[in-house]
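Chemist: Each chain, written out:
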Amino acid sequence: MTAVLSCTNVTKQFGSLKAVEDVTLSIEKGARHALIGPNGAGKSTLFNLVAGTLRPTSGAIMLDGVDVTRRSAAWRSRAGLAKTFQHSSLFLSLPVADNVAMAAQRTSGQGMSLRRPAHRLPGVDDVVAECLAATGLSGRASRPVSDLSHGERRQLEVAVALATRPQLLLLDEPTAGMSAAESGRFAELIESLPGDVTVLIIEHDLEVVFRLAERISVLHLGRLLADDDRESIRQNEQVQRAYLGDARPEDLFHPAAGL
Amino acid sequence: MTSDLGTSSRTDQAARPDTGPARGRAGRAPRLVLAAALLLALVAVPFVVPSDAANLLSRILAFALLAVSLDLLVGVGGMPSLGHAAPFGVGAYVAGITAKELTALAPVQLVAAAVAGAVFSALVGWLIVRVRGTYFLMLTLAVAELARTAADQWDQVTGGSNGLVGIPAIQVVPGGGPLLLAGFRYWYVLAVAALGFGLIVAISRSAFGRSLRGIRDNEDRMASLGYSTFRVKFTAFVLAGAFAGAAGSLWTVQSRFVSPADLGFNVSAMALLAVVIGGRGRLWGAILGAALVIFIRDEVGAQLGGRGPLLLGITFIAVVYLLPRGFAGLRLHRPGRKDPA
Chain A
8 MTAVLSCTNV
18 TKQFGSLKAV
28 EDVTLSIEKG
38 ARHALIGPNG
48 AGKSTLFNLV
58 AGTLRPTSGA
68 IMLDGVDVTR
78 RSAAWRSRAG
88 LAKTFQHSSL
98 FLSLPVADNV
108 AMAAQRTSGQ
118 GMSLRRPAHR
128 LPGVDDVVAE
138 CLAATGLSGR
148 ASRPVSDLSH
158 GERRQLEVAV
168 ALATRPQLLL
178 LDEPTAGMSA
188 AESGRFAELI
198 ESLPGDVTVL
208 IIEHDLEVVF
218 RLAERISVLH
228 LGRLLADDDR
238 ESIRQNEQVQ
248 RAYLGDARPE
258 DLFHPAAGL
Chain B
1223 MTSDLGTSSR
1233 TDQAARPDTG
1243 PARGRAGRAP
1253 RLVLAAALLL
1263 ALVAVPFVVP
1273 SDAANLLSRI
1283 LAFALLAVSL
1293 DLLVGVGGMP
1303 SLGHAAPFGV
1313 GAYVAGITAK
1323 ELTALAPVQL
1333 VAAAVAGAVF
1343 SALVGWLIVR
1353 VRGTYFLMLT
1363 LAVAELARTA
1373 ADQWDQVTGG
1383 SNGLVGIPAI
1393 QVVPGGGPLL
1403 LAGFRYWYVL
1413 AVAALGFGLI
1423 VAISRSAFGR
1433 SLRGIRDNED
1443 RMASLGYSTF
1453 RVKFTAFVLA
1463 GAFAGAAGSL
1473 WTVQSRFVSP
1483 ADLGFNVSAM
1493 ALLAVVIGGR
1503 GRLWGAILGA
1513 ALVIFIRDEV
1523 GAQLGGRGPL
1533 LLGITFIAVV
1543 YLLPRGFAGL
1553 RLHRPGRKDP
1563 A
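First to last, the sequence lines map onto chains A and B.
Numbering (the numbering used here) for the first sequence: 8 to 266.
Numbering (the numbering used here) for the second sequence: 1223 to 1563.
A few of these clues could be false.
If the Cβ cut is set under 10 Å, some of the chain B residues that face chain A in the computed set are [stated by the list, open to error]: (1) Arg1352; (2) Gly1355; (3) Thr1356; (4) Asp1374; (5) Gln1375; (6) Trp1376; (7) Phe1430; (8) Asn1440; (9) Asp1442; (10) Met1444; (11) Ser1446; (12) Leu1461.
For the record, the hints were derived by calculation from the structure and aren't laboratory data.
Just so it is clear, CB atoms sit at the ideal spot from N, CA and C, and this is done for glycine as well.
Start from the sequences, fold in the hints, and give me the full structure.
Modeler: In structure tokens:
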């Protein structure tokens, strides 16, 4: 088994705060892996370290056996990594279809093409239509993003990420703000992804977590508390304590650490 | 004249919130017909107006090409330049010097000016596009002021503060006579400007144009999608410089004189004013804005005894308050636009 992603002793320090501390984690190809933990546990920070939008203070990050610790976010994206954002990060003045096409045209190597009108790029519109259909946004293709509801923007985030044809997909709280029906459809969508696509998901909705993930890692106060299969995590007392009670009150007042 | 332009612009943007690549195809035919009608009207102009007016229109067209190239940078790419007169002036000087020293052939001057504008922009853009926001404003301003000072000091080449004089009238084809009549010059300027607009519109609608809009909206997201945002911005900067250089050569065709003031802050500011008045990101709007700016400065201003700049300022304030999205935004607030499609 090859590890698609491996983090070795990764630490990220903001001033005196260790948002992520000495995390060692390995994700196998094709895995459906969830990362859970209370607010401020460092989940999003770890995602940003993996995606390259933040650089670790120490430690190493490897993608497919290649050390990418010093590579840019753009480089990692070209290597097959895609990430959705906890707070939707979209192209607000552009139509929904263009948001997805932005990813599709880059992935097909046409992002700099001056040759023909953008709506006639070979292969791009098919990918756009497919990703919009998969996320239930087909009917909104020509609307500006500013017209979309919060839940629809979350779905568009996923559509944009899928359009890059990722090998490793990082989903940062994808169902936050989605209705129950939307969450259900989202879970189906992830289940329908090809088996060789590796999915790493941060999620608070434990129903979604236990439905999708075979393996679960738990972060607490920046440290890896547990990394095990679904059933063991369900039984794990430490996890229950971190998640359900016994959290120190000051954790509640440092939400920024989770960004 | 102006009302013709107005109609076409409004139809142009009624279809979409942005002159974006995914624009709907419906309503495209009427727009093409309008554009053709407008072009015909512009071609017919020298038959019906005196040569003064043809000269004014030539200046407007040259300046409009500058404004549209700036809109590619500001409106489409989100890079507000305060120094777009620099590649324009470089192009004007290179065209003038080519005309004096090398050939009266206008296409040669045009290509030389466009290349000069592109090379100049590439040299300075290598650094400038790496910064954003206020730093971008300050760097573009500083580079343009340096270029103006250089033009002022470099007597042997530019004629210094006296300007570059004695530029011969252009020839369009080898062996053809020089174009001395305002009407013929105007036709040449119109042809080149129309070609330039067409190319800029094509760039804006291409996949590259879409990437540029993506960077305007959310540069970090573009990077995380795998784009080299530097490459996109640098290419846009160089392309805009090439078209500004071409506009400079058109300016020289008409005025047959170049001075350091052509690279100055005034020209940059007026071009930016034209873009804002026209409505950022809508290339048609910039043409309208350019027409208004040149008309006020050269015609109305002359009759007001040199108070053109004052009137320009008042116009600007009025536009910002009354039409926050410029001319091209006129139809945006139409009732019913937000209805689900």
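Chemist: Next item in the hint list is Met1444 (chain B). Is there a CB on chain A closer than 10 Å to its CB?
Modeler: 7 Å, holds
Chemist: Classify the hint on Trp1376 (chain B) as holds or violated, based on whether any CB of chain A lies nearer than 10 Å to its CB.
Modeler: With a closest approach of 35 Å, the Trp1376 (chain B) hint is violated.
Chemist: Please check whether Arg1352 (chain B) passes as an interface residue: C-beta within 10 Å of a C-beta belonging to chain A.
Modeler: It is violated, given that the least Cβ distance between Arg1352 (chain B) and chain A is near 14 Å, above 10 Å.
Chemist: Can we keep the Asn1440 (chain B) interface hint, with Cβ of chain A closer than 10 Å?
Modeler: 5 Å, holds
Chemist: Closer than 10 Å between Cβ atoms is the bar; does Gly1355 (chain B) clear it against chain A? Give me holds or violated.
Modeler: 18 Å, violated
Chemist: Does Phe1430 (chain B) hold up as a contact with chain A if the rule is Cβ-Cβ below 10 Å?
Modeler: With a minimum Cβ separation of about 5 Å from chain A (threshold 10 Å), the hint on Phe1430 (chain B) holds.
Chemist: Any CB of chain A closer than 10 Å to the CB of Thr1356 (chain B)?
Modeler: 22 Å, violated
Chemist: Minimum Cβ distance from Leu1461 (chain B) to chain A below 10 Å?
Modeler: OK, holds: Leu1461 (chain B) within 10 Å of chain A, min 9 Å.
Chemist: Going by Cβ atoms only, is Ser1446 (chain B) closer than 10 Å to chain A?
Modeler: Since chain A brings a Cβ to about 5 Å from Ser1446 (chain B), closer than 10 Å, the hint holds.
Chemist: Is the interface hint satisfied for Asp1374 (chain B)? The criterion is a beta-carbon contact with chain A at less than 10 Å.
Modeler: Constraint on Asp1374 (chain B) not satisfied, violated at 36 Å.
Chemist: Quick check on the hint: Gln1375 (chain B) CB to chain A CB, less than 10 Å?
Modeler: 38 Å, violated
Chemist: Holds or violated: Asp1442 (chain B) as interface residue toward chain A, Cβ cutoff 10 Å?
Modeler: 7 Å, holds
Hint compliance for this structure: hints 1, 2, 3, 4, 5, 6 are not met, and every other hint is.
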